[in-house]
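Novice: From first to last, the protein sequence lines stand for chains C, X, E and B.
For the first sequence, the positions run 764 to 962 when the working numbering is used.
For the second sequence, the positions run 764 to 962 when the working numbering is used.
For the third sequence, the positions run 764 to 962 when the working numbering is used.
For the fourth sequence, the positions run 764 to 962 when the working numbering is used.
Do not rely on the hints blindly, as some may be mistaken.
Same chains, same label: a pair holds when it works inside one copy or across any pair of copies.
[To be verified] Lysine to aspartate or glutamate pairs mimicking DMTMM-like chemistry, simulated, CA-CA at most 25 angstroms apart: (1) K931 <-> D820; (2) K828 <-> E799; (3) K931 <-> E778; (4) K765 <-> D797.
Calculated directly from the structure, the hints in this document are not laboratory data.
Protein chains: 4
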Amino acid sequence: MKALCLNCTLKPSPETSNTEALAKVVLGAMEGVDTEMVRVVDFDVKPGVENDMGEGDEWPPILKKVLAAEILVMAAPTWLGKPSSVAQRVLERLDALLSETDDEGRPVAYNKVAGVVVTGNEDGAHHVIGEISGGLADIGFTIPGQAWTYWNKGPGPGEDYLNDGEGKEWSHTTGEAAAQNLVSVAKALGANPIPAPPS
Amino acid sequence: MKALCLNCTLKPSPETSNTEALAKVVLGAMEGVDTEMVRVVDFDVKPGVENDMGEGDEWPPILKKVLAAEILVMAAPTWLGKPSSVAQRVLERLDALLSETDDEGRPVAYNKVAGVVVTGNEDGAHHVIGEISGGLADIGFTIPGQAWTYWNKGPGPGEDYLNDGEGKEWSHTTGEAAAQNLVSVAKALGANPIPAPPS
Amino acid sequence: MKALCLNCTLKPSPETSNTEALAKVVLGAMEGVDTEMVRVVDFDVKPGVENDMGEGDEWPPILKKVLAAEILVMAAPTWLGKPSSVAQRVLERLDALLSETDDEGRPVAYNKVAGVVVTGNEDGAHHVIGEISGGLADIGFTIPGQAWTYWNKGPGPGEDYLNDGEGKEWSHTTGEAAAQNLVSVAKALGANPIPAPPS
Amino acid sequence: MKALCLNCTLKPSPETSNTEALAKVVLGAMEGVDTEMVRVVDFDVKPGVENDMGEGDEWPPILKKVLAAEILVMAAPTWLGKPSSVAQRVLERLDALLSETDDEGRPVAYNKVAGVVVTGNEDGAHHVIGEISGGLADIGFTIPGQAWTYWNKGPGPGEDYLNDGEGKEWSHTTGEAAAQNLVSVAKALGANPIPAPPS
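Next comes chain C alone, as it looks inside the complex (with noise of 0.2 angstroms):
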């Protein structure tokens, strides 16, 4: 079974990044499951919502690789209250995979579970994951229950998710019941998997 995981930070390497670091945690806890993690802004995802944007779109080579995982860990940073305009690019990205379907005529996201992370330096992280679970089940993935974790810490703006140890084991346990619960229902999925659509 594999796990990708789109780390959405606005932050080109080798910034650091404390999605990254939470994101890690999570990827950490999925045992017996072959993890990746992908730094999107590292590459030149061209706005546009089909696979293939053309020349210098870097896109489908992290296409390929969401299509090959089981699960999909989307993970960013908390703007404005929002999702990182990165993270956002990802689901227009994603948007052109609601017209595919596979050999028995199901979407591709079908069967597939996803799950959120979310770091900031203040308040809105219950949002961001609404916001991209909800775009992800549009497009056919499965939202286990209980399959994200964050950390910030309000009220107002403050510190960062590696500066500052305060709630940091609520976000890790969290996190860690987020893994076993994307897991189990990728698994669930794997044997009984959601056929094709009435048509």
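Following the hints, position chains X, E and B against chain C.
Specialist: Structure of chains X, E and B alone, referenced to chain C:
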């Protein structure tokens, strides 16, 4: 297998509910499932975040039905582009389930699935779906891919679902797929349930 | 100049309301303004989208206060990261104002301003502020820049505003700025009102 | 008085932008205002939350136009029911204004007004309006009542604004009212500006 639909219209019986009419299409497409519809506004569901808010509270018998069903369908109208106050009231009361676990230590909403049906006389359905699905996933329900349908017809305020033929076919086909996805994932989780969170 | 605060807590009087406590800071900072606080859950505000839902409906006297005030402050707790059902109930009832105009053909909410105060035992404030502000702007209220404050302290569920000293200073300073912005814009619109929409 | 419209379509020039077409109706209704439209995707706006992200960043000249205008119109398409990644990128870059003040200690977005124009081939406009307005209000922009318009036609995916005559009249009338409300409130704030926050 049991499916419960909570119709969160603002209109008490016997007023006609557009939301109920579309929800019936979804319930009707759940083959081999024992379905039930409850119009929540007909009951005095007290404000609060506990399972029983005391004298006069008519939530406990509805909660019993939620706990007995593998599938929950929340059906809601759109007001100001948002879920109805009745839908939010239901989410608040379900919030109490966060701290309840079964004999095996699992939150009681684990291994239940949930979907959403929305009608409105204006734009807003995707947001209503996202808000309700997000709340239910927080509580522990699994949200199958594409487990929703809706009807509205923009731009601006317009007709109701029952007064306008346009687009119904899309809403029904989408609702039938939602029904199948809900039943499939409920069965998959029945066969291979999510275990208790790591402690 | 009059300011009305609708406290949308789920807790009836005389229970302690954290939301009320923070809202008082905002009202207290409105110099020279006649302020009033109403705890909506103490009244039987019927579900519906009309100004008067008939027998037993206790919304009409509250609506009268809304119409008499230049400034509306919605104060709401956060449940499942969303505005309380009482707040959404208020928005639904205010929805009826969309079709009401004054002698000059202006929607009655024009030239009124609105702000939001949020407390919670978890993340979600910015979303609650956005949802409520968005609904009020649809109805015709003007939303001054930075016309809100909030208190919560993540990550995960935690303390209440009144039980935890941390971060209160930020919430109060932000609330005092919100108060000033509300009063300033209300005065600016009083001196130079928005005219009726072009017909 | 100056109004700047940032068109946040995903399509680079010279592709046809439905969003631009509807935004022009709004700009065209701003009598006596000097208007300008910028298609953001034509520029290399780097990810980040500072005013200048360094080499190759083409945001600074756009920011200069934002600062010179009293009125900002954000025009955005709807993808997966959410604001485009380009719109979120703009919000992230404007986030830097939170810490900038003018000679009188006022955040630089104070006394500017903002509105939103949305097109889409599916439901989602009110949410897009709410998300963008909410972000701009956080930064300090004032959001006049009913300062938006949109076009889409549900249910389900359908036509584009420019390919479908239905409902345009409502979108245009609503957009003309939005234009008037933006200009009126900008003038009101020009005459009676919000002062610096209490320190």
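Novice: Indicate, hint by hint, whether the structure satisfies it.
Specialist: Quick rundown of the hints versus the structure:
| no. | hint | in the structure |
| --- | --- | --- |
| 1 | K931 <-> D820 | neither (37 angstroms within a copy, 35 angstroms between copies) |
| 2 | K828 <-> E799 | within (9 angstroms within a copy, 42 angstroms between copies) |
| 3 | K931 <-> E778 | within (21 angstroms within a copy, 33 angstroms between copies) |
| 4 | K765 <-> D797 | within (5 angstroms within a copy, 36 angstroms between copies) |
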